[in-house]
Amino acid sequence: MKDALLIRNGVVYDPMNGVEGEVMDIAIKDGVIVEAIDERKAKVIDASGMLVMPGGVDIHSHIAGSKSNIGRLLRPEDHRRSYEPKTALTRSGVGHSVPSTKTTGYRYARMGYTTVFEAASPPLKQKHTWEELNDIPIIDKATLTVMGNNWFIMDFISQGRIEDAAIYAAWLLKATKGYGIKIVNPGGVEAWGWGGNVYDLDELVPYFGITPREIVEGLCKINSMLNLPHTIHVHVNRLGMPNNCWTTLRTAHTVRKAFGGGKLLIHITHCQFSGYAGSTWTTLRSGAEYIAKYVNSVDHISLDMGQVVFTDTTTMTGDGPLEFRLFQSLAGKWANADVEVETGAGIVPIRYSRRSYVGTIQWAVGLELALLVNDPWRIVLTTDHPNGGPFTAYPRVISWLMSSKARSKVMERVNRRALKYTALPSIDREYTFTDIAIVTRAAPAKLLGLKRKGHLGVGADADIAIYDLDPRKVDPSVDYRRVRRALRRAAYTIKGGRIVVVKGEVVEDIPGRSIWVDVDIPEDKVEELLREVKPRFEEFYTVKLRNYPVPEDMILNPSPIKINPSI
Amino acid sequence: MSCGDRLKVVLITGRSIKQGKSKDVGKFFDEYREAIAVCEMNPTDMETLSIPEGGYIDVSSPYGSITVLAKPSPDIPSGVVFIPYGILVNTIIPPDTDGTGIPRSKGLEVWITPSAKHLPDLKFIVKSIGGV
Amino acid sequence: MRITFKPLTPFKVPVDLSPITPDNLEGMDIGEVKSLQVWVGSKRKRIDEIFLVELSEDGGEEVAIVFMGDFGKARGIGSRMSKGSITVKGSGGLRVGEYMRGGTIVVEGDVDHWLGMAMRGGSIHVKGSAGSYVGAPPKGSSKGMRGGSIIIDGDAGECIGAYMRDGSIEVKGNVGLFPGLRMLGGTIVVYGNCMGRAAARMKDGRVIILGSIGSILPTFQIEEIRPSVRGVRERLEGPFYVFQGDLSEDGKGRLFVSKPSNPELAFFEKLL
Amino acid sequence: MIIPSIVVEEKAAEYTIEDVICPFCGCCCDDIIVSVKDGRIIDVRNACTLGASKFLHIDEGRLLKPKIGRFESAREASLSEAIETVVGLLKDSYYPLFYGWACTSCEAILLGLDLAEILGGAIDNTSIVCHGPTILAGQDLGLITATLGQVKNRADLIVFWGCNPLEAHPRHIARYSVSSKGRFISGRRDRKVVVVDVRRTNTARIADLFIEVKPGYDYEVLSALKMLVRDLDLEVDEVGGIPVSKLEELADMMVEARFGALFFGTGLTMSRGRDKNIEAAIELVRCLNFKTKFVLIPMRGHFNVTGANEAFTWRTGYPVSIDFSQGYPRYLPGETTAVDILRRGECDLFFVVASDPISHMPRRAVEHLSNIPVITLDPKLTPTVYLSDVAIPVAYTGIEVDGSVYRMDTVPLRMRKIVDPPPGILPDTEILRMILEKVRGCV
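Residue numbers (the working numbering), protein chains in the order written: chain A, 1 to 567; chain B, 568 to 699; chain C, 700 to 971; chain D, 972 to 1414.
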């Protein structure tokens, strides 16, 4: 029996299937989890006394594409202090906050993560994103396609042609092999094309006769017309500015008003960066309580943390004006890269300091969000890699979530004044292993609509993380260091049924799969629309319509998901 | 600055349309050699050295000397000469990069003198680089 | 303790000598020294495969390392050293004294680029000439020289003392463009001529040019003329034109340029 | 797919392909129409004279068989013999230098990086001798840039500094800059054009303002402009041969522009100051962004030199000049840069792909090649091929083989095969893969 594997006696956490720390066996055949296998012919992993979870799923991480590469180019000093020599089995690489491609895949796999979503890719540069993703080993990958400042989408919405906007969006996803709709500072990045920004949901985007509210509502509608597996994924206006928690709440609420509750409609990403109260930087306050209160009272919104960790890192986002503001205050390096018709990008290195007032508030806001939102299925652990810190910091973040003692330890050394304006010292909630399994695996897989990820039921992809940690014996609240250490280096990572990591070292360098949605729009409708679009497309873009799509043969191990839209 | 029949000038190198066009045809064809073995200079500088139109000059730096065709160009200021990129001009470019990785290919001070020599054979130059 | 390294044959490829420092060799016997490994191109070689090594006990406790021969292809001599001494009887290669914290390095020949890269302390004396980026941080970093002293008897290349924050660099010969680029503090003295653009984008610190300088950047303004100025270990006689800059960076640095060596700068006197 | 990536209309033995991407300069124009008859390109439309010349002359001056031996002592060899020889030389090498990569696909570049990593050599691309300083400056300050469509749709001021697009990037002006039409700009009359150069180039003739700078004084001029843009006073009357009043005029034009674009070329990167010139340009553009919108775009030369930087960066973290000798990527200009490695005579093997360093590096640097083996993969008989100990012919990327490339503004494009290469000639990716497999077998 080829590729048969049996994980024996692990302490399994599989929240999607209601498994909370049961000792059980997991059988794998041909890359998927099966009911049972012939034990005599299978390779057996003895996982007794070990924590077994589905492979980690990262819902939002900047790992590939134009922006990441500018970040790498910008930071030779980041690479010099973090490098990994080649071994007999693996390739070399560098980078603390912006690791090179091979290293990115290895480091995720070492932590037991097996699926990662590149958070923002402009369609025009999507070929670049896929070339880099092809070069990232082991993990499965997908991308979110940036649409919130796309001229054609904005024009169609402002003309009231919502179905055409939906067809265009579907074509964009198909042409770029994207997975979902990403909105970055709707309208604001277009205004950055003139050096401006928009600061309010109802401010008009220059020359487009449309407001951010209309863009968000329009794309939310489109998202449901297309039956996409994930909701719209929104980086709100005013991100990274004081007092922006109200913009966040109004953005979340506007889609509820338009489309009602009862199902998920919007994912507010790296919510920490848009969770501030207080009108200026010097009077900055945490706005996490307001956001958590809202999230707890509705059912249409999910979040990811965007946790800040105290380290030297590199911020990168499609939100060009945000990075310019950051450059104005830090006065160090600043890279900008506008993308015609679609979006922009900015990159600024940053050091989050414990001693700084703002840094402390930011650190607290992320944790408050995670601890105050009651339903772990609607909050995902991220650092918005590398914006809040590199993804390698996840075990640290997990230790803060699981142990108030770990948080107190940090709080002893942060800016005291800042702490007064956060709720964190008064929160004593501690995540359980089930909670952790939810916010790092099950929830992101569910929110993304990945049916075969984030759980260990029969038929799921055999992406499994095994940690040398016995949850029955270790109290994470006390022994958080042990938890942190174990999660940094998985005892085993299994990807698609193959053992890729043993004792925190990569033992097999395999390519991962490339996931996208293939939205099945009737061809004649698309063709008709593109016939109309083509002259304007070629007037605005500097490439021909024919040279714009990503050819499927560029993509390694394609794994498209068929979607039937309601158009 | 002139000194007898020598003139000290600033050398600029760059792409020319003729060089760009002929480089993809073949670098051992006469067309390419003619495209790179040319030195554009201000007509007054040519007069100073009494170089006739279509005359050859030697361009020398501490690193070597090359023979090229002098071509008058009023668009080039006096005291500056332009030679297209190529194996010829690289003979006289200093190899030091001052820690930047790039040689200083523009703005080098060189001496020009009228020449009695002919255009060099490019194969001969390649051989001399290769130690023959 | 004095340890001498003599190459068995001239180097053909880069050789990384950064492990051979007084800090690392302290307390080793000759056998241990010989079995150390260094990178020769892409291969790891034992020290005794490429060097003739001699150890003598003279000179007391302190470790004195002597490199005999041409080390033009060497990398990182004296890397991160904090004590003892290194003498190179010949040329020294790249990154001599990188991240140095203490001790002394003397190179009798020339050195290539990145001498004293991001140095923190100690002293370096090069009797020949040095390449570019003396004391500068490696590309991309802005943490330059923060202490120690560098003396170069010959010439030096471009961008010496880039991003320098403290310490001193003295060049007895001429320097290329951009001495004191983006300097934040410390002192640079050039006894010879400078090709120009001295102290470009400096925020603070002092650059002193005793020879001639091609021109002064338009981002500097003349402040005064001073008869003499404090150098690193002596007073330097002028008179000097004193410029403040770099104004485009709101800099408060000082550029001192010898008046006698630069008659073409006389027009600045009208501005005083 | 609804829109096929290429339209092919077949007419007997003749076909015409539209929307072909031009494999000449960094403009990567993607609207070329190529007609093919009997497997040969017979007509090229839309291309500039440089691009058309390349398409139409691919069969001339070609290397058709692998060769072993230098100069006249070269002999024809079979592909397998040539590859065996290459692998033998690579195996014995302590510090090979891999160089070139600007005129091939990213797929080939990644294989080159594989090879350099496995063998512990150094690898560099040709950008180090053209826009290397742009990269260096970008590493210290960060580039403030945009794709060319931003310029086409929005720019009302275009400055060409030290570049001559009419000769080096002939269609740039019509497609992307001066007379391009976009959403907010309807063409030349909506724009002001400034040329700054040391000589009155052809491009200067189409400018509204030409500023002639003394050779080697760009840094001073850029510094003065930075002062003026920041409303600081200059004490001098002229800078770099330009009266301050003229600089004030330029500074005002820049500040008053709604969207300005500064294109720069090797006139800045190769002249006195090199990377510091670019730093000064970046600083100027930074200051301008406090007052208006301004971007800066390097005029990259070869069609995939930008791709070489991108692929190097994603794989190794550094865009040029990687040294793998210690098992991981290291980079320091002046140390790991190709010209310097050659100048110091430090590599013991030179492996060239898709480039002609003998023609384009200073002679004093390439003279080291008389001492060490030289291996070249190239479609044509170049001076470097002539000097090589082993040369293997390869197909033309973008004409005879498809591949991924990056335009000067980092927009990725996918080049398509148009005609078959001559019989027996393989893509460089195939040759590199064969070498790699054999090298893996013995390292």
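Calculated directly from the structure, the hints in this document are not laboratory data.
Every residue, glycine too, gets a C-beta built ideally from N, C-alpha and C.
Be aware that a few hints might be false.
[Claimed, not checked] Examples of chain D residues toward chain A, derived with CB under 8 Å:
#1 1045
#2 1046
#3 1147
#4 1150
#5 1257
#6 1388
#7 1391
#8 1392
#9 1393
These are the hints, each one checked on the structure:
1. Look at residue 1045(D): its Cβ only gets to about 36 Å from chain A, farther than 8 Å, so that hint breaks.
2. At about 37 Å, the closest approach between the beta carbon of residue 1046(D) and any beta carbon in chain A exceeds 8 Å, and the interface hint on this residue is violated.
3. For residue 1147(D), the interface hint holds, the least distance from its beta-carbon to any beta-carbon of chain A being 6 Å, beneath 8 Å.
4. Proximity of residue 1150(D) to chain A is violated relative to the hint, the smallest CB-CB distance being about 14 Å (cut-off 8 Å).
5. The beta carbon of residue 1257(D) is positioned within 8 Å of a beta carbon in chain A (closest approach about 7 Å), and the interface hint is therefore held.
6. Below 8 Å, beta-carbon pairs count as interface contacts, and residue 1388(D) has none with chain A, the closest being about 12 Å; its hint is therefore violated.
7. Hint status for residue 1391(D): violated, given a least beta-carbon distance of 18 Å to chain A, over 8 Å.
8. About 19 Å separates the beta-carbon of residue 1392(D) from the nearest beta-carbon of chain A, more than 8 Å, and the hint is not met.
9. At a threshold of 8 Å, the smallest CB-CB gap from residue 1393(D) to chain A is about 24 Å, leaving the interface hint violated.
In this structure, the hints that do not hold are numbers 1, 2, 4, 6, 7, 8, 9, in rising order.
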